[in-house]
Every structure is written in structure tokens, then in C-alpha cells.
Amino acid sequence: MTDLNETGDGTGWQSDKFIANLAKRKRSENRFRRLGLCAILLALTLLAILLFSIFSKGYSAFIQTYVTLDITFSESVLDKDGHRDPAKLRSANYSKLVQNALREKFPDVKERQNLRTLFGLVSKESTSTLREMVMNDPGLVGKTVPVELLASDDVDMVNKGYIERDLPEIDRRVKNNELDWLDVLESEGAIAFHFNSAFFTNGDSREPEKAGIAGAMVGSFYTLLIVIAISFPIGVMSAIYLEEFAPRNKFNDLIEVNINNLAAVPSIVFGLLGLAIFLNIAHLPRSAPVVGGLTLALMTLPTIIIAARAALRAVPDSIRQAALGLGASNQQAAFHHVLPLAMPGILTGTIIGLSQALGETAPLLMIGMVAFIADIPGGAFDPATVMPVQIFLWADSPERAFVEKTSGAIMVLLGFLILMNALAIFLRKKFERRW
Amino acid sequence: MLMSADDITEPQNDRPEEIIISTRNVDVFYGDNQALKKVNLDIPKNLITSLIGPSGCGKSTYLRCLNRMNDTVESCRVTGEILLDGIDIYGPRVDEVLLRARVGMVFQKPNPFPKSIYDNVAYGPRIHGLATNKDELDHIVLTSLERAGLIKEVQDRLHSSGTGLSGGQQQRLCIARALAVRPDIILMDEPCSALDPIATAKVEELIEELKENYTIIIVTHSMQQAARISQKTAFFHMGEFVESGETEKLFTSPSDERTQGYITGRFG
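Keeping their order, the protein sequence lines are chains A and B. Just so you know, we're using our numbering here: the first sequence kicks off at 22 and counts up by one. Just so you know, we're using our numbering here: the second sequence kicks off at 736 and counts up by one.
If you are wondering where the hints come from, they were derived from the structure by calculation, not from laboratory data. Please note: incorrect hints may appear among the correct ones.
Covered by chain B, according to a simulated footprint, are these stretches of chain A (three or more residues, beta-carbon under 8 Å) [unchecked claim]:
(1) 337-343
(2) 346-353
(3) 406-416
With a Cα cut of at most 20 Å, we get these calculated SDA-like pairs of lysine to any residue [unchecked claim]:
(4) Lys145/A to Pro419/A
(5) Lys450/A to Gly899/B
(6) Lys850/B to Ser339/A
(7) Lys451/A to Glu881/B
(8) Lys844/B to Lys451/A
(9) Lys844/B to Gln134/A
(10) Lys850/B to Pro361/A
(11) Lys271/A to Leu776/B
(12) Lys844/B to Gln342/A
(13) Lys850/B to Phe452/A
(14) Lys844/B to Arg341/A
(15) Lys850/B to Asn301/A
(16) Lys451/A to Lys850/B
(17) Lys869/B to Glu881/B
(18) Lys450/A to Thr807/B
(19) Lys850/B to Pro365/A
(20) Lys844/B to Pro337/A
(21) Lys850/B to His357/A
(22) Lys451/A to Gly899/B
(23) Lys844/B to Ile340/A
(24) Lys850/B to Leu360/A
(25) Lys231/A to Phe253/A
(26) Lys850/B to Lys231/A
(27) Lys451/A to Ser896/B
Cβ-Cβ distance ranges computed for the label pairs, FRET-style [to be verified]:
(28) Leu72/A to Ile886/B: 52 to 62 Å
(29) Ile886/B to Phe266/A: 18 to 28 Å
(30) Asn282/A to Thr999/B: 56 to 66 Å
For every residue, glycine included, the Cβ atom is placed at its ideal position computed from N, Cα and C.
Bound conformation, chain A alone:
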């Protein structure tokens, strides 16, 4: 027989039936392979669309428009009696300086309504920038210096091209005269983009150009700290007890079923539980990371227990037997041998549980972490919000400029999630043992 595919006398592997069946099996296998490939391609395409939409909207949150104006720190406005008294300098009217500079630049603008629009080109934040400058260097008083000031969110939007100039004026948020002024400033080279470091150092604000994610990041940090401190030790210890010590009986089966069910409970229910227990009974501070952390710890606990139990179960029984055979107690076998070997799996599960907690919004709405909080929290008991809730708040804000802030915040959150998952993979690879 030279050709394997040749049909022979029709018995056994040479029979037509066999050959036909073989072809059928091959077709089925190819079909399955193609379907799998399609599924993966579909998933990748959707992911790419999601990421593209977020990145294309969000990248501009990391740059911000600045306007350079010649600011005259006139003595008549800041310090009439010439004592350079710090208290006086601090409380002086700095917005007057900006207004004067703008009046000087556009002397034709006279009408009250138009003047107000003109002054609106520069963010209200600029008064504190100027105050800071004078407090640091009182010698500035009396001089005229070019200063880069944060532009208002409307100017920023125009400059980034989000507000279309072709629209009829009536449909446009930024009016023709504003555009004209901007063109003048632009032609003088007074408008520039800078990296928006304030996005990472400021708390939330009603002014989009000032709003930053630092408050939410710190809030998330404290919340996660509480989650780790509570759910990791309790989760791992429960898993060790259930897996290594607890007798197999009806009661423990019931516990196991309940833990599995808890992992599937919608997170909003945990939020209600947190509201009822931590706020209404324990009277912990509202909106604080400590309450958010406790609530999320309850939510993460079943995930960690299930992951840790799976990791402990994956340790070969021969290791336990070896330890017990040497006269180690159950506890010694569990803590000296089984736990260290299960640790990579436990850590992976824990980090995945934590990244779930980091992205969780619903339960935190129930315990009041959805409030507008401009200050960066100084501890776990201060009012705070967290990153996903910040995204929710910004997505809900009417100003056009918050759209890019929302996407920018999503990018930061995704960045943290990727970091945590990378850490999980790293830990698993590093501590992985082979038998």
C-alpha cells in the first residue's frame, strides 16, 4: 500500500465508511477552530473599539490651555499703603489684576455684558495663581510681568477643537466676539498647551479646568487599604480552616454553599448592608473610606476565600502527608508547607478581588461616597470619593469639558487595574513551584 488515502477493499480502516467519517471529523474540527477564531477576533475588535473611544476622547484631558497675559501687579490694587503686610497682600483683590490686564489688551470692549464675557476667558483659578506668586515674592508688587494663566474650560474646549466654529452663533456656547479675542491672543502666541499636572494633583472641582483626580485616587487608596487589611487575613484564615481543619459535615457544606452564593450577590446589596450596619448602627462617618473599605471588604471576602481554597486544594496531598508523616501537627503542616505553596494562587486571587473592589461603584453610592468632595482626604475617616465614583460624577456633569475628564479618569483607572493584574501575574510566575 503506497497511498494511505487510497480506498481499498472496504474493510476496517480502508472502508469507505471510515474514510467518510474521517472527512466529517476533520470538517467538524476545522469548523470549531474557525468559530473560536471568530469569537476571539470579535472580542478583540470590541476591546479595540472601546479603548480607541476612551483614548481618543480622553488623551486631551492630560493637556490644558494656558493664556499668557502681561499682569501689572499694581500697588494701587494690592497694597495701597505700601506696608507689604502679608495679611493684606493675601486678601487683596487679585481678580482685578487679571481684569485690568484684559482691559488693557482689548481696550475697545466697554459694555458690561461683554466685559464679563472677556473676563471669563481666564479661569477663576488664576487669582490664586497670582496670589501665590505675590506671597512667594512680595517684590513683584509694582512690576509688570508676563504670566501664564489657566484658561477657562470654554477656551480650552475651543482650543482643543471640541467646539466647532462653523456652527451658527446661536447654537454655539462660545460666541463670535470670544472667538475673535481668542484669535487675537492666538496670533500673538499667547495661547499654549501644557501638560495638565493639576489633573493628578487637584481634587474635584466645579470648574472643569481645575478638576483633578487626586482626591479620588487617595480615596481609592485608603479604601483599598482597608479592604486588604480586613479581607486578606480573614479570607485566607477562613480558607485554611475550611480546607485544612474543618471536618466534612452538613454544617460545613452549608457554609461552603453560602460562601459561593455570597460571591454572586449583587454588589448593591452589600452597599445596603454597609448602610444599615456601618452607618445606621455603628455610626461611622458618612462618605468615608473606612466605611467604603468595610463594605467592599465584605464583598471581596467570598472571592478571596474561594480563590484561596482553590489554591490550597491545588497543593498535592503528598506534601501534607510528608509533613504529617514526620510528626508535624496539622497546623504545622498547613502553615509550614501548604500555605507557602498556595501563596502565589492566593495572592493572585486576592489581587483580582482587589481590582474588583477598585472598580466597584454601586455599593459606595449607598454609603454616601458619591458626594462632591473637593478636598483631598487626609485619612480613612475623612469624606472622600473613589475613582469609579468620580468617573460616574463627571460623566453626569453638564459641562463639555467633563467629557474628556471622564475619559481621562477612566484611563487612569484602567492603568491601575492593568498594574494590579500585572502584579498578580508577576507574583504567580515568581513564586510558582513545580513538582
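Got chain A; can you put chain B on it based on the hints?
Relative to chain A, chain B alone:
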């Protein structure tokens, strides 16, 4: 009294046979399933006793009763008396940790801890507090490795992983680990079944050397192995202890029909 690691004494084979473990009416149940039925068997001191029999005959179950490893199986229930030097090891005042320090065990599949060779051997002495300082611990580890015939192969890599050794070396490491706790009795559950013939020969050689100081009870599937290394052999069948005796005698003129059938290869 435990023997200290460095006073290796003369062979004691010529002394009159002394019974170290005697089993009286032992029944073992896994749930409703009876694995051992009324076993009465005496194990002589400082000899090698083989337990043979077809698969599922209860020989491993019997072995695991002797250091109460069956306690880890939840559904397992043991009745009857197992006397070690006249004391019932299932009695209320016996601590299974102490028992397992005195009755060491070597398993079917080599199971070194995924730690260094040194730490593998040092683990037992550490948890039992057998060494008060580093020098004593070093001494115990080195003597145990030497007794297990492994020292030449591993002395320059004591701190590399125990799982990096070959199968036969791993099994000898497990024996060294058991020796480090200074047991009187060593139970071996088919210690060579996962090894190649050369590694098996080495382990067998080691077992024969060890009988000078230890009582060894070995479960084996191989009748040749039982014949090669053991002085006493006990035959189990369907959860029943059938007969025991001098190895040579049992293999040449068994008194029970079932033994006859097993050793001549009619079943098993």
C-alpha cells in the same frame, strides 16, 4: 530509648526475636466499607517485614494504621488493638505527633518538600526541637544523609532544591528525612514502585543496611523484592491477614491455598 545518631552498634540479628508491634483483632472501615478484617499480626524488632498481597488487599491500609496516618482520612475508623511496646497506639493517652516521630514513613511517590535538600532533612529535627544549635542540626542532617547513602551525591549542593534530584535520589532523601527524626520503626509504602531498576537496587541496598538499627515494615507489589530484602513476610488477601512467617518458608511452602495461588502467579 531512642538511639543517638552516632553510636551505630553491631548487627542485632542473632538476638532472640523480639516483638515490637502486635496487632490484635484490628478492623478498619472506610465509611461502610470494611478494608481490614480481624487482623492479628506481630512485627519483630530490627528485621524487615514485607507485606504482600494483590491490589486492594488492605496491606497499605494496615501500614497506615501503624502510625495513625489513617486519622487524616475522615471516614476511616479503626477498632481493635495495635500495641507498640505494649501500649495501644489508639489509646487515649497517645499523641499521634509523638507516635509519628517514633514511627517514620516513606511514601510510594518520592515527596520531598520543594525546599533545599538541607531544609528537607532539617525539618523534622526543627519541629521536634532535636537540635539546640546550628552545629547540632548540621550534624543530624549530615549523618542522616550519610545513613541514607546520599551524602556523596549531594554534599556540595545541600542548599539546592530537593525536587531537582532524580527520582531515586529523591526517595533516598525522603528516607534521610525520616531518619533525621530518629525513629525506631520505618514504614515504607511501596517505596520503589516509582523508581527505575537501578534506583530500586540502591534503595533496596539502603533498606538492608538500615535494618541493623531500625525495624522496617515494607509494603511491596513485587514478590521478588520481598524475597530479596525481607526476613519476614505477611500475606494479605481481600482485607484479611492470611499468614506470615520467615520469608523463605512462606515463599517455598505456604500453608494457605490463597498464598500458594498468589505467589505462583495464579492471581494478583
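To see whether the hints hold, each was checked on the structure:
no. : hint                             : result
1   : 337-343                          : holds (count 6)
2   : 346-353                          : holds (count 6)
3   : 406-416                          : violated (count 0)
4   : Lys145/A to Pro419/A             : holds, 19 Å
5   : Lys450/A to Gly899/B             : holds, 18 Å
6   : Lys850/B to Ser339/A             : holds, 14 Å
7   : Lys451/A to Glu881/B             : violated, 34 Å
8   : Lys844/B to Lys451/A             : violated, 26 Å
9   : Lys844/B to Gln134/A             : violated, 90 Å
10  : Lys850/B to Pro361/A             : holds, 11 Å
11  : Lys271/A to Leu776/B             : violated, 38 Å
12  : Lys844/B to Gln342/A             : holds, 11 Å
13  : Lys850/B to Phe452/A             : holds, 12 Å
14  : Lys844/B to Arg341/A             : holds, 13 Å
15  : Lys850/B to Asn301/A             : violated, 51 Å
16  : Lys451/A to Lys850/B             : holds, 15 Å
17  : Lys869/B to Glu881/B             : holds, 18 Å
18  : Lys450/A to Thr807/B             : violated, 32 Å
19  : Lys850/B to Pro365/A             : holds, 16 Å
20  : Lys844/B to Pro337/A             : holds, 12 Å
21  : Lys850/B to His357/A             : holds, 11 Å
22  : Lys451/A to Gly899/B             : holds, 17 Å
23  : Lys844/B to Ile340/A             : holds, 11 Å
24  : Lys850/B to Leu360/A             : holds, 14 Å
25  : Lys231/A to Phe253/A             : violated, 37 Å
26  : Lys850/B to Lys231/A             : violated, 56 Å
27  : Lys451/A to Ser896/B             : holds, 16 Å
28  : Leu72/A to Ile886/B: 52 to 62 Å  : holds, 60 Å
29  : Ile886/B to Phe266/A: 18 to 28 Å : violated, 38 Å
30  : Asn282/A to Thr999/B: 56 to 66 Å : holds, 59 Å
The earlier numbered hints that this structure contradicts are 3, 7, 8, 9, 11, 15, 18, 25, 26 and 29.
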